[in-house]
Structure formats: structure tokens, C-alpha cells
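These protein sequence lines are chains W and H, in that order.
This note's numbering puts the first residue of the first sequence at 1, with every later residue one more than the last.
This note's numbering puts the first residue of the second sequence at 1001, with every later residue one more than the last.
No lab work stands behind these hints, which were simulated from the structure alone.
Hints may contain errors.
Claimed, not checked - Straight line, CA to CA, 27 Å or less: simulated DSSO-like cross-link-like pairs of lysine-lysine:
1. H:K1283 x W:K161
2. W:K283 x W:K314
3. W:K87 x H:K1097
4. H:K1283 x H:K1228
What the hints assert, rightly or not - To give an idea of the interface, some chain H residues facing chain W are shown, with a C-beta separation under 8 Å as derived from the structure:
5. A1016
6. T1019
7. P1214
8. G1250
9. V1251
10. L1252
11. D1291
12. L1294
13. T1297
14. R1303
15. V1306
Unchecked claim - Simulated coverage check for chain W against chain H, where a stretch passes if three residues somewhere in it have a Cβ under 8 Å from a Cβ of chain H:
16. 39–53
17. 123–134
18. 160–171
19. 213–219
20. 250–258
21. 261–272
22. 299–312
Built from N, CA and C at the ideal position, the CB exists for glycine as well.
Protein chains: 2
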Amino acid sequence: MNNPLPPLLRALSGQALPTPPIWLMRQAGRYLPEYRATRATAGGFLDLCRSPDLATEVTLQPIRRYGFDAAILFSDILIVPDALGQKVSFTEGEGPKLTPLRDCQDFATLGIGNGFRDSVAPIYQTVRQLRQALAPEVTLIGFAGSPWTVATYMVEGGGSKEFLAVKQMAFGDPGLFQSMIDLLVEASFDYLVGQVDQGAQVLQLFDSWAGALPEGEFERWVVEPTRKLVARLKAARPDIKIIGFPRGAGVLAELYAEQTGVDGLSLDSSQRLAWAVERLSPKVTLQGNLDPVLLLTGGAAMRRAVDHILETTKGVPFIFNLGHGILQQTPPEHVGELVALVRQGRA
Amino acid sequence: MNNPLPPLLRALSGQALPTPPIWLMRQAGRYLPEYRATRATAGGFLDLCRSPDLATEVTLQPIRRYGFDAAILFSDILIVPDALGQKVSFTEGEGPKLTPLRDCQDFATLGIGNGFRDSVAPIYQTVRQLRQALAPEVTLIGFAGSPWTVATYMVEGGGSKEFLAVKQMAFGDPGLFQSMIDLLVEASFDYLVGQVDQGAQVLQLFDSWAGALPEGEFERWVVEPTRKLVARLKAARPDIKIIGFPRGAGVLAELYAEQTGVDGLSLDSSQRLAWAVERLSPKVTLQGNLDPVLLLTGGAAMRRAVDHILETTKGVPFIFNLGHGILQQTPPEHVGELVALVRQGRA
């Protein structure tokens, strides 16, 4: 390549940039009036994810408005169980619903066959259209849920507060649970390679419920499957950059940074940044971690937090982001102010 | 005193005991048939907390059954807002409900006057009865919610997932929120001194939602009010031992251990124990942190986790506990097995 790498890829290659690249988790979403307008023309939420033209449009909306350094494919982590044969439904105002999987017989109905590939084909088309539409300096991020987090939805049948069913299965019947995790590693590999082949330059693995596991089990069900998935992806597509997001992992993020092989680690808002710079950034590019409620609130508290993040990460490879997805009540002008603050850079 | 200190107080005085003392958060509760029987004779949940004979009975039930090293007063952290004048109701199967506080006028209705003292008087009587009923080697623990966590319930009007209202108030109107926190420091001080004067030997401060704040705000709303409360309690009652439980604090637990002045720090189940031993135990006695789902599941996974905890904390001051309250589905015999495992000690 003769062109210089775009900022996000430079940061993920270990460069500390004076102005960090910025994108926001869930940057295409309900806080934007143009998203709500497009959303109203689609049927169900997964129909929107599987309509290449509409999904391309909503992915591009925040790029046009704010000029972020990266576009993230508009999709959902539950595309994978749905494609495996465990149908997912979304009801407005509620979380996703699945028929919970509880035993071997339930698992036997799932698999990566033609049904899987047909089901994810529209997503690949969206990725292809996006890469064609985006300017070269805007990096395209593909994604999937991590095996552990996707498994929580599959076993619980939706979101959960205490993760009783999935943790009881993981702790009490680890053989059965391992077979489920193995299937998810396999399906995620297949799905993510497909995204890379259509133009995704970076992959993010969302592990929203990593914080639900105690340390021994975290190693077994978060670190180990992620390590396998990352190793297989890098063996198959050596140029791909991978960001992991083990939300709620706290101190265990260090184990994750050391053992999974990810290039970047996304920090949730409760992480102590100076610790992450000291302990994690020798191994990974850091990403994060403004509290979405600070972005929603705006004003002095937001500016103070942004300054703190920019100061603390000076001199290390870093990508500015939120610590969790943007909230739908966020005033769009706060996002504009944030981008300006980050771009005006470190004093 | 001529008698040796009981194990829990020795651990909190900085002694590393070969067999750590053990108690469990929410050890008096629905997993016990004798609790359910007593509960059925009371009216509402707060009525049970305010009936000295019934509250004494349920507090003693797990001591009789398992011989724990400590009894914890059966009560609720929402006793304080209720006594301040913001009435709290519990509906079976749902969380607590309060009329949310949103502005200065809402706050103006609250105060620590005769109504407050009348409202908490039955709790003090329970503490007195408990200390009389307990053997000298069983330590009596009193408690309160920490100001931040109690404030979340008062502003949100109950439990919350994203803490939007309370965080927006804390970030956007810090003067108003500070006045609320100050009132809670004052009320908690008053309430906890009352418990100490009736026989509580240890106090635990439950900060269930400490993990909801980013670092600068964590310092301001979790660490600083806790530091003030601990300093005032220790000035007023120099012998009292205090355990803090900043749940979900992750790496920020170090700031909490360094700056609040607590004697003990209770670790949630997601904390990495070797890190806590290295970074926190020079400053505080550690407590924790078996995952309640491992206790519920039992078997090999539980035994492995207990071994890991006992091995990792060898040689440092430690109290065995869960990382969060016991789950109501827990088989009582698993608790018996756990106590035996801990008492049979480190190999």
C-alpha cells in the first residue's frame, strides 16, 4: 500500500497518535433523528440488520454528521444464534427474546450449514456496500458477540440480571457448555471471516457479560474461547486487527490482554485509566472509556472527563470511545462537541 | 478484656488466621425454610425489619444451623430513606419502590428529627436483643447502605439498570447532589452509632452500585463520603471495626482501600484475588468472594473455587464470605458443606 494507514489502523498497529482516532459504540442509533426516520421504514429490528441498503444507510449516518474515524457495521450480536437456528425476536421497548436452550437435545437442533450461510449473506452484502461507500481514511469495523456473551442469551433466553441458568450450566455441566462454546467459536469464526472478506478491516468482539464470571471461570469461558477465536482469525486473515471488549472485567482485563491475542482492548467506564495505561498498554492498544451518561449530561463534567482521558492516555496507542453504547436520550449536539474536544487535541 | 477476641475481630485487627472466620451476606434469608416460616407471620418486609423479636429470630437462624462466626443484623439499607421521610414499599417478587426525589423541594421534606429516631428505634432494640442472645465468640455486625448507593434508590425511585436519573443529577447538578449525600452521611452516622451503642461490634457499609461510576465521580461520590463517614464513626466510637463493600469497583477498589479508612474490604465475585492480596491487603483485611452461583451449584466447581480462595489468601488477614448475597434457590446443605470445607482449613 502506498497510502498511509488511516488513524484507527495506525493506533491498532501500536502507534501513539497526538490526536487519537474516535468512534462511539452504537454511534448509529436512536439518538439520531435520521436513524429513527430510517428505522420507521423497516419491519423488525433484525429485518433492518438484514436489509443491506437500510443497514448501509444507518451505518453511514453518523459518519456524515460527525466524521468519525471508523464506521461500525450496523447489526446485532444475536444474528449468530438466529442464523444457527435459534430464532430471535425483538419487541419495542423490551430486550431480545429467544427460546432458551437447556440441554443436549436443544443444542442438537443448531448448526452451521446452508441455513447459517443464507441467513448471514445479507450482512456480508452490507459490509461490501459500506466499504465501497466509505472514504479510504474511514476504517470499517465488523463485529460479533464473544462466545460467552452470546451463550448467555442463548441459555437465558434473553437478557439477564443474575445469569443463573447459564452459570449453572457452565459450572455444573461444563462438558455440555463447552460444546456450545465450541459451536459459537466455530460459527463466529465463519461469520467474521466472511465480514473480513467483504471489506471489514477491524473486528470488535463484544463481551458485554464478561464481568459476570469469577476468575477461574472467566479464564475458562471468556479468555480461552476468545484466544482460540483470535488465533484462528489471525491464522486465516493475518492482516486483521481485533479489539476485545470484556465489559466489567475489572482487574481480570489484564489476563484478557495477556492471553487472548487481541490488538486492542476496549475499557468500560468503570475502569481506572492510569492502571490500564500502566498494566495493559504495553500489550494492547487501549480504547474507551467516557461514561455514556457524561456524554448525555454534557457540560463541565463531560469536559473534565474528556480532558482526563486525553491527558492520561498521552503517549500510548489509544482510540477514543465510550465505555458502553451511546444512550438514546443523548442530545446529538453533545456528540458534536465531544468530537471537537477530542480533535482539538491534547493541550 | 481477658477473653481472647473472637475470630472475626482478630481478622479485622490485621491477624492472618489459619482458619479464616466465615459468614455469608444475606445468610438470614429465603433459602432457609425456617426463615420462610417466620417471614410468613410478618406483614410487609420492612415490618419484619422493625419487629425486634422476629428480626432477632431470623438473624439467629443461620447461626444455630451453621455456627457462623458472625451474625449480621436482619434489616435493609432502605430503612434510612424511609426514616428520613421518603416512604419505601416492597412488593413480593419486585424490588423496592420509593417516590423518586428529583429537586430541592423534594429534598426539603427530608430530615433527621424525632421521626427519624422513632423510626429506627426498633432496629436498635433488635441489636440489643441480638447481642444478649449471641455467644461471646459470635461477632455482631450492624450495617447501612453507603451514601451513594442509598442515593441511587432515592433518586431513581427503586432499583435501576443504567442509573440515568441519579448520575445525571450527580454530574449535572453536583451542588444539589452533594447536599443529599451530606444528609445521608449525617443520617448514616447517627444510625450506625446507635447500632454500636446497642452492641454492634463491626459495621458493614454496602455500596452495591459503586461500580456504576467512572473514576473521577467514583472518588467524589463513593470514596469521599465513605471517608467522612468512617472518620466520624471512628472519632465517636474508636473501637469499631468497619468493612466496606464497593461492589463492582474493580481496580478502583485500591483507591477505596487507600483513602476511606475502612478496616476490611469485601470483594465481589469478579475481583481477582491474587491482585487483591498484593495490592489491597497491606491496607485492609480482605473479605469474600465466592460466587453465589457456585454455592448454589455446589459440587466440583464450588470445591475448586473454595480451594483457590483459601490458598490465595493464606498468610493474609481474611474473612471468608460470598461475593454477593446468597441466592434464594441455594440448597441449605451446600451452605453446610461450604462451612465444613472452610473449617477443615488450608491443606
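Check your understanding: Do three or more residues from the region 250–258 of chain W put their C-beta atoms closer than 8 Å to C-beta atoms of chain H?
Key -> Since three or more residues must qualify, the claim that chain H covers the region 250–258 of chain W holds, with 5 doing so at under 8 Å.
Review point. Can the region 39–53 of chain W be counted as covered by chain H under the rule of three residues or more with Cβ-Cβ separation shorter than 8 Å?
Key: Our answer is that it is violated, as 0 residues pass the Cβ test (under 8 Å) against chain H, missing three.
Check your understanding: Going by Cβ atoms only, is L1294 of chain H closer than 8 Å to chain W?
Key -> Nearest chain W Cβ about 6 Å off; hint holds.
Review point. Once the shortest beta carbon distance from P1214 of chain H to chain W is found, is it less than 8 Å?
Key: Holds: closest Cβ of chain W sits about 4 Å from P1214 of chain H, inside 8 Å.
Check your understanding: Would the stated hint for L1252 of chain H survive a check requiring a Cβ distance to chain W of less than 8 Å?
Key -> holds, 5 Å
Exercise for review: Tell me if R1303 of chain H is really an interface residue toward chain W, meaning its C-beta lies closer than 8 Å to one of theirs.
Suggested key: violated, 11 Å
Exercise for review: State whether the coverage of the region 299–312 of chain W by chain H holds or is violated, taking the criterion as 3 or more residues with Cβ-Cβ distances under 8 Å.
Suggested key: holds (count 6)
Check your understanding: For the region 213–219 of chain W, do at least 3 residues have a Cβ located nearer than 8 Å to some Cβ of chain H?
Key -> holds (count 6)
Check your understanding: Counting residues of the region 261–272 of chain W with a beta carbon closer than 8 Å to any beta carbon of chain H, are there 3 or more?
Key -> holds (count 4)
Review point. If you take the shortest Cβ to Cβ gap from T1019 of chain H to chain W, is it below 8 Å?
Key: Not OK, violated: T1019 of chain H not within 8 Å of chain W, min 22 Å.
Review point. Quick one, is the A1016 of chain H hint okay against chain W at 8 Å, beta carbons?
Key: Hint violated; A1016 of chain H Cβ to chain W Cβ min 21 Å, cut 8 Å.
Exercise for review: Decide if the proposed pair is consistent with the structure: K1283 of chain H and K1228 of chain H, CA atoms, cutoff 27 Å inclusive.
Suggested key: holds, 18 Å
In summary, the structure is inconsistent with hints 1, 3, 5, 6, 14, 15, 16 and 17 from the numbered list given earlier, while agreeing with the others.
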